[in-house]
Every structure is written in C-alpha cells, then in structure tokens.
Amino acid sequence: MAAGGSIDALSQFKLEPVLGLDFTQSNVMMVVAGVLTFGLLWLGMRPRAMVPGRLQSAAEMSYEAVLGMCTETIGPEGRAYFPFVFTLFFFILFGNLLGVFPFFFTYTSHIAVTLALTVFVVGLVTVVAIRIHGWHFFSYFVPQGVPGALLPLLVPIEVLSYLSRLISLSVRLFANMMAGHVMLEVFGAFVVMLGAAGVIFWVPAGLSLAVNVALIGFELLVATLQAYVFAILTCIYLHDAVHLH
Amino acid sequence: MDLASAKAIGAGIAVIALSGVGVGIGYIFAALVSSVARNPAARERVFGLAILGFALTEAVALYALVIAFIILFV
Numbered sequence: 004m005a006a007g008g009s010i011d012a013l014s015q016f017k018l019e020p021v022l023g024l025d026f027t028q029s030n031v032m033m034v035v036a037g038v039l040t041f042g043l044l045w046l047g048m049r050p051r052a053m054v055p056g057r058l059q060s061a062a063e064m065s066y067e068a069v070l071g072m073c074t075e076t077i078g079p080e081g082r083a084y085f086p087f088v089f090t091l092f093f094f095i096l097f098g099n100l101l102g103v104f105p106f107f108f109t110y111t112s113h114i115a116v117t118l119a120l121t122v123f124v125v126g127l128v129t130v131v132a133i134r135i136h137g138w139h140f141f142s143y144f145v146p147q148g149v150p151g152a153l154l155p156l157l158v159p160i161e162v163l164s165y166l167s168r169l170i171s172l173s174v175r176l177f178a179n180m181m182a183g184h185v186m187l188e189v190f191g192a193f194v195v196m197l198g199a200a201g202v203i204f205w206v207p208a209g210l211s212l213a214v215n216v217a218l219i220g221f222e223l224l225v226a227t228l229q230a231y232v233f234a235i236l237t238c239i240y241l242h243d244a245v246h247l248h
Numbered sequence: 094m095d096l097a098s099a100k101a102i103g104a105g106i107a108v109i110a111l112s113g114v115g116v117g118i119g120y121i122f123a124a125l126v127s128s129v130a131r132n133p134a135a136r137e138r139v140f141g142l143a144i145l146g147f148a149l150t151e152a153v154a155l156y157a158l159v160i161a162f163i164i165l166f167v
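Protein sequence lines correspond, in order, to chains U and G.
For this note's numbering, count along the first sequence from 1 and bump the result up by 3.
For this note's numbering, count along the second sequence from 1 and bump the result up by 93.
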C-alpha cells in the first residue's frame, strides 16, 4: 500500500509460492476457477428438473449463451468448437471475477497467462484452417479483387495483421485486468494517505473511497466484458479459419 | 531536469492517446443511439456490436495507460 509516501501499485501482482511448493497463488486461483466452473455445471445440472431452479438456470443460461455465440458467429460448424470456446470463456471469466475479491489474485493480470492462452487460440485456428483447406489456406493472405501490382505490399500487411492477433488479444486482456487493479490500488492508497493526513482531509478520503466502490462495480463489468470479447474474437478467428474470408 | 519529473511528464504525454479513444467511444455510442432511434427493433443485436466496439476501443486506452504505468513504476 502506501509505503513512505509513494504508491507501490505493482507489488500486488507479485507471485508467491504457496506452502513452499513450486506452486504459486496464481496456480491456486486457476484450480479454484476450474473447480467452480465444474461445480456450476455438475451441481447445477444434477436435478435435471423440467422447471429449473436458480443454479440450474445459471448453468443452462451460460451453456446457451456460449452455444449461441458459437453458432451465430461461426455458423452451423460452430458446434464442433463449442467445448473449446466454453472452457476458454469460463476460465477467463472466473479468473477475472475472482480477482475482484479482496486478497484474491487475478491470474489474467499476467501477460504470461494471457499470451499462453492466445498462442493456443491462434495455433488452433491455424491448424483448423490448414486441416480444412490445406494449401488453399494461404490464399487467406491474398485479398481478392486487388491489382497484382499491389500484392507485394498487401500480402506482408495481411500476414502481419494475422500475426498481430497474438499481441492484440493477449495485451487487451492483460492490460484491462492490470490497469483496473492498479486503479483500485491507487485510489485505495489515496484513502489511506488522505485519512492519515488529518481531519480536514477526511472528506476527500471519503470521496476517494466512493470512487473505489464505483470502480469495483466497473471492474465487474470489465471482467465479464473482457471474457466475452476474448471468446467472441476467438469465434471470429475460427469463422475465418472455417470459411476463409 | 531530474529523472522523476521527466518520468511524470512522460507519463502525462503518454496518456494524450486517450483523447483519440474518447472520440472513438463517442462515435460508437452516437452511432448506437441513432441506429436504435431509426430501428428500435434492432436494439438487441446492435447493442452487442456496440459493446464489442467499446471494448476494443477501450483496450487502446489501456495500452496507453500501461505505457504510462511502465514509465512511472518500472
């Protein structure tokens, strides 16, 4: 927090081993997210009631929402990729949401985690495209209806934009999560520093606390939105892979 | 000029990028409002697209913010 008058905003992202093992709190949160996702679906779907209860509704709604996202974006072939997109969406969603709780760790705030996810997504998309279209896949980098003289310029740009998905997808998620938590830390430190500065500063300290409360709500929005954006962009890339253009 | 003040000025310059993001987000929601006004039935579909565009634009703001943080804290 506020150490010696300066705000140490980045130390909250430091990895600490748990119980002296080669296993950090980030890995613990990943396990928790996996268990929660599994628990939501398994416990939610156990009653198999015609009229679903609350947990079953949540499980069914999340299933239908992701399935709708897949089939609307990719097309009827999207069903094949539904399990992958569902896993990805819930891994990121629970990672983002768990990070909002105090003393919890946001594993999606590390570029190592988001880049690993992105490398897997882009690799899978490329493999899918090559498996479906074979050598024809490389026509993806040649825009149609373009004069031949422009191709030496456009093909490198297309290849570059294909590869830049790796950066844009991973940095978007990581930056959203990191910036949000740094903002919470900065405003939290303002509360402590202003509160310690004297009674007249208690009003701005209270305002800062109010901003922090609003920011937590905003973080909940961003957490869901970024999981959605990651999943829908994966769907869009898969659509490109399945249909080429 | 000492390093600390240069860092503070640099971080301030880095977030000038937010002006472009402000314009972009304004455009997105202006287009959302006018399209919903023209065809209220399309609200559900258009809203999802607008939120996607908002998230993509907001990410640009966060790139600038990350650069500012790197200048300030790293």
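Just so you know, not all the hints are guaranteed correct.
Mimicking SDA-like on lysine to any residue, the simulated pairs with C-alpha atoms at most 20 angstroms apart in a straight line are [claimed, not checked]:
1. U/Lys17 to G/Lys100
2. G/Lys100 to U/Ile10
3. U/Lys17 to G/Ile164
4. U/Lys17 to G/Leu165
5. G/Lys100 to U/Val189
6. U/Lys17 to G/Val159
7. G/Lys100 to U/Leu13
8. U/Lys17 to G/Phe166
9. G/Lys100 to U/Leu70
10. G/Lys100 to U/Met186
11. U/Lys17 to G/Val167
12. G/Lys100 to U/Asp11
Don't read these hints as lab results, they were simulated from the structure.
Checking against the hints above, which ones are violated?
Numbers 1, 9, in rising order.
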